[in-house]
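Going down the list, the protein sequences come from chains W and G. Numbered according to the working numbering, the first sequence spans residues 1 to 207. Numbered according to the working numbering, the second sequence spans residues 208 to 296.
Bear in mind the hints are in silico, worked out from the structure with no lab data behind them. Note that the structure is a prediction, hence the values are computed from the model and not measured. All residues carry an ideal CB built from backbone N, CA and C; glycine is no exception. Mixed in with the good hints, there may be bad ones.
[Stated by the list, open to error] Some chain W residues flagged as far from chain G (calculated, every beta-carbon gap over 12 angstroms): (1) Y103; (2) Q107; (3) T109; (4) D145.
[To be verified] No more than 35 angstroms apart at the CA atoms, straight line, and that leaves these computed lysine-lysine pairs for DSBU-like: (5) W/K73 with W/K148; (6) W/K65 with W/K196; (7) W/K44 with G/K220; (8) W/K196 with G/K210; (9) W/K44 with W/K144; (10) W/K81 with W/K148.
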Amino acid sequence: MATYCSIQPNFIKHNEELVFSAHSTEADNFFLDAYRHLDVAYPKFHKMDGFCQLGFLTALPIVPKAGTYDPQKTGLLLASKSGSYYTDNNYFSRVFTEEGVYYSPAQFTYTLPSAVLGELSIQHNFQGENYFLLQSDNSFDLLKDYAKALFQDQKLDNCLMGWMDYYGPDQFQSTFLWIDRSELHDLDTIILNINKTCFDYGKATVS
Amino acid sequence: MEKQQLVNELKNKIIEQLNLVDIDPATVNANDPLFGEGLGLDSIDGLEIVVILERDYNITITEIESLTPHFESLATLAEFVAAQTAVTA
Chain W
1 MATYCSIQPN FIKHNEELVF SAHSTEADNF FLDAYRHLDV AYPKFHKMDG
51 FCQLGFLTAL PIVPKAGTYD PQKTGLLLAS KSGSYYTDNN YFSRVFTEEG
101 VYYSPAQFTY TLPSAVLGEL SIQHNFQGEN YFLLQSDNSF DLLKDYAKAL
151 FQDQKLDNCL MGWMDYYGPD QFQSTFLWID RSELHDLDTI ILNINKTCFD
201 YGKATVS
Chain G
208 MEKQQLVNEL KNKIIEQLNL VDIDPATVNA NDPLFGEGLG LDSIDGLEIV
258 VILERDYNIT ITEIESLTPH FESLATLAEF VAAQTAVTA
C-alpha cells in the first residue's frame, strides 16, 4: 500500500496523520526528540549530519519491516534543491578559515548528498537501483517518470522516493513515498494528492 | 599516566568525538572490541580516532594499515599511545 511521510520544522506527518510534533524549531533538538519519540535504536543516527537525519526520520515510518520486501528489487530515488550544501559549507568554512583545525573524516563523508542513499541503503538493506537528483524545481515529476521506467523494466517491485531539503537547523522539509508495483497505475494520483496535502513546494521558504 | 587512567581518557575522548550518545562509558570495558561488536565502530570512526591520536597526543600516523593491531580494544590502543608518547617525550 502506498504510504508517505512528510517532515517540516515542528512536525512529522504519516499519511496526513500527525505522528510527532515538538516546540523546538532547531533540527538538532527536533530530530533528536523525534528519534527518541519513534523509539528506534540506531546509534549511527547520532553521527549523521542534519541532511541524513532528515532522510532517516522521513523514511522510518513508511519503510516496511525487513523481510516483507525484496531488497534487490527495492529502489531508492531522492531529489533535493539544497543537497548537502549546509554540511559542505560548514566543512569548507572550517577547513579554509580556521587555523589549527583538524578535519573531521566523519563530517567529510556527509559533504555529498548521495550519502543519504548510503545511509538508507545500509539501514534498510536496499540493493536496487538508486539515484540522487539535484534539481532547482521542487517537483516529483522526474522521480515519477524514472520510477515508472524502472517498474516497467521489471527492475523494481518497490520504491522509496521523495524530496528533501535541508538549509539549516531551522529550515528543512521532506516528503517520501513508499510505493509498490501494484500501485503503479495510481502513481500520478498519489503524487497529486501528496502535493496537495503535504505542503506546497513552490512556496517553500528556501533560499 | 596509569594505564587505566589512559584507557578511561581514550574512552571518553572517543565517545565524545564520535558522538556515541547512547553509550554509557561505565559499560565499556578496556578489552571490549572497538569495531564490530563492543563499541561497534566503523572505518570512518577509525579515521576519527587517528585524528584524536594526532591532535591530542601528537602522534604522527604515516601508515594507517599498521594501526590495525593497536585498534583492537581500548587496552591495546592505550598501550600504543603510551609507547608512542614515551618515544616522543
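Do the hints match the structure? See the list:
Some Cβ of chain G comes within 12 angstroms of the Cβ of W/Y103; the nearest lies about 8 angstroms off, and the non-interface call is violated. With 12 angstroms as the threshold on Cβ separation, the claim that W/Q107 sits away from chain G is violated: the shortest Cβ distance comes to roughly 9 angstroms. The Cβ of W/T109 does not lie farther than 12 angstroms from every Cβ of chain G; its closest approach is about 6 angstroms, which violates its non-interface assignment. Chain G leaves W/D145 outside its interface by the beta-carbon criterion, the shortest separation being 35 angstroms against a cut-off of 12 angstroms.
With a CA separation close to 14 angstroms, the supplied pair W/K73 and W/K148 stays within the 35 angstroms bound. For a cut-off of 35 angstroms, the pair hint linking W/K65 to W/K196 stands: about 28 angstroms separates their Cα positions. Note on W/K44 and G/K220: the hinted pairing holds, with a Cα-Cα distance of about 17 angstroms set against a maximum of 35 angstroms. For the suggested pair W/K196 and G/K210, the alpha carbons sit about 62 angstroms apart, so the restraint of at most 35 angstroms is broken.
Restraint check for W/K44 and W/K144: the C-alpha separation of about 30 angstroms stays at or below 35 angstroms, so the hint holds. The hinted pair formed by W/K81 and W/K148 meets the criterion: a straight-line CA distance of about 22 angstroms does not exceed 35 angstroms.
Of the numbered hints stated above, those contradicted by the structure are hints 1, 2, 3, 8, listed in ascending order.
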